[in-house]
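Participant: Given only the sequences and the hints, what does the whole structure look like? Please build it.
Quick mapping for you: the protein sequence lines, in order, are chains A and B.
Sequential numbering of the first sequence, starting at 3, is according to my numbering.
Sequential numbering of the second sequence, starting at 20, is according to my numbering.
Some hints could be false.
Unchecked claim - Here are some of the chain A residues that sit facing chain B, going by a computed Cβ distance under 10 Å:
(1) R81
(2) F88
(3) S143
(4) K225
What the hints contain is simulated information worked out from the structure, not anything from laboratory work.
In this text, a Cβ means the ideal position worked out from N, Cα and C, and glycines have one as well.
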Amino acid sequence: MPPIIEMRDVCKSFGQTQVLHNINFSIDEGEVVVIIGPSGSGKSTLIRCINCLEMISSGTLIVDNIRIPEHRRKIRDIRLEVGMVFQQFNLFPHLTALGNVAFGPQKSRGMDKSKANEIASDLLAKVGLADFHNKLPGQLSGGQQQRVAIARALAVNPKVMLFDEPTSALDPEMIGEVLDVMKSIAQQSGMTMAVVTHEMGFASQVGDRLIFMDEGRIVEEGKPGEVMKNPKSTRLTEFLGHVKHH
Amino acid sequence: MGFEFSVITDSIPALLEGAKLTWIITLLGIVGGMIFGILAGLGRLAGSEYLGEAPHNTLSKTVSTIIRYLSGGYVETIRGTPIIVQAMFIYFAFPMLVKSLTDIERFRIEALTAAVITIIINAGAYIAEIVRGSVMSVNKGLLEAGLSLGISRFQLIAHIIGPIAFRRMIPPLGNQFIISLKDTSLFIVIGVGELTRQGQEIMASNFRALEIWLTVAIMYLIMTSALAVSLRTLERKMKIF
Ligand SMILES: Nc1ncnc2c1ncn2[C@@H]1O[C@H](COP(=O)(O)OP(=O)(O)O)[C@@H](O)[C@H]1O
Ligand SMILES: [Mg+2]
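Facilitator: Structural data, given as structure tokens:
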């Protein structure tokens, strides 16, 4: 079976600055790929290119047989297949938790309201927020907001989920509840996931593959346990030392 | 000649007629001004990431650029000229222009129509800036969250940018509505029988400046307060986050 996501020689520049250099990588269906690397190394840019929040500058991106740049008009189809969770949650502040989660199925999948609410209600229960339907984002803790955001992305029924540092904006005591939800999505639903995170415990427990990025390049790649135990490059050795101490 | 209360009671029916006209011009003007303002405000943002995807192909880039320049030109022209000149232009100069460009012999614009049009285009330009500023103040992360769910640009504007930006527009809109209401007093120069004009006419016949202008001022104050209170109520109703 072909990989569900593939990047061939992908470069990305913002104006004069090149941020991604000839990225080649793929993700198979059901795989959980964890991406690590120092700040500014291009992790966010890489995963934002996958759902076309950033347009690749050159190379080819293939998501579920949709090719970019050739099928540029099908960006919305890619986004229906690829859900995204952001560091800052980005919940719609004017909608309740239920409204946030029901939004996708109703607007982008065209479901009627009662069906969308049913899906949303199930998903909120799944992320442990069954009693929070009518809360506005401002009334929820960071961890609760992020769990609503995960449910919101899942509600569109994507094949792939992208997570961009989903726990970096959270107070330490809330990180666990969000990682637990992500773990159950990976292990119970077999969801294909690309996760940018510095949570090395999550990476080794849940990740099938670890990617280390530095200065816009994929520097190392492999089974999380092995890569962490035997880093080949000095950059990764340094980086791992840094992460462990924090 | 002391303060005569009866002067006020005698003048009230005529002043109320004027106030009614002021109110009509204002309401039509701000409704039309909202339409112009929303179109021109969004127009100034055409092709920007604030309205979803930045355009990729040259045709849509060109179209966005044209829309942006047209909207910008409109806003800057109106903001850069006095409203009284705009009223004169629409009432006196525009019919001349039409006559010189076409065969139409008797082209005229009613004074009241000219007044309403003036408020529409004038308020529209300021409202455009209010709309633009509020849309730009919407957190970009919310736009990305919307786009990443696979919704269309129209849905993004209608369901996310619109509702969030609208809440932030209410206070400056209230301000603009009040300014527009007071601006209607300038239409005294094109002979519209609005409140200020009515006051002026009564004053010219009885020379009771104190009583008349006091009454006129209070009537304006009542109308602007009504606008302020309704906007404040709307704001409170919508302030849920
Ligand atoms: N929209 C943008 N415009 C210009 N430069 C950007 C933009 N987004 C990211 N960059 C730059 O690209 C580089 C990689 O950023 P990013 O992908 O956010 O890194 P990471 O997520 O690994 O911290 C950084 O140098 C950053 O400044
Ligand atoms: Mg980042």
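Participant: Can the hint on R81 of chain A be confirmed by a CB-to-CB distance to chain B that is less than 10 Å?
Facilitator: Constraint on R81 of chain A satisfied, holds at 4 Å.
Participant: Hey, does the F88 of chain A contact hint survive, CB to chain B under 10 Å?
Facilitator: 6 Å, holds
Participant: Can K225 of chain A be said to touch chain B, with a Cβ gap under 10 Å?
Facilitator: Nearest chain B Cβ about 29 Å off; hint violated.
Participant: Does the nearest C-beta of chain B fall within a distance shorter than 10 Å of the C-beta of S143 of chain A?
Facilitator: 16 Å, violated
Going down the numbered hints, you'll see the structure goes against 3, 4, while the others check out.
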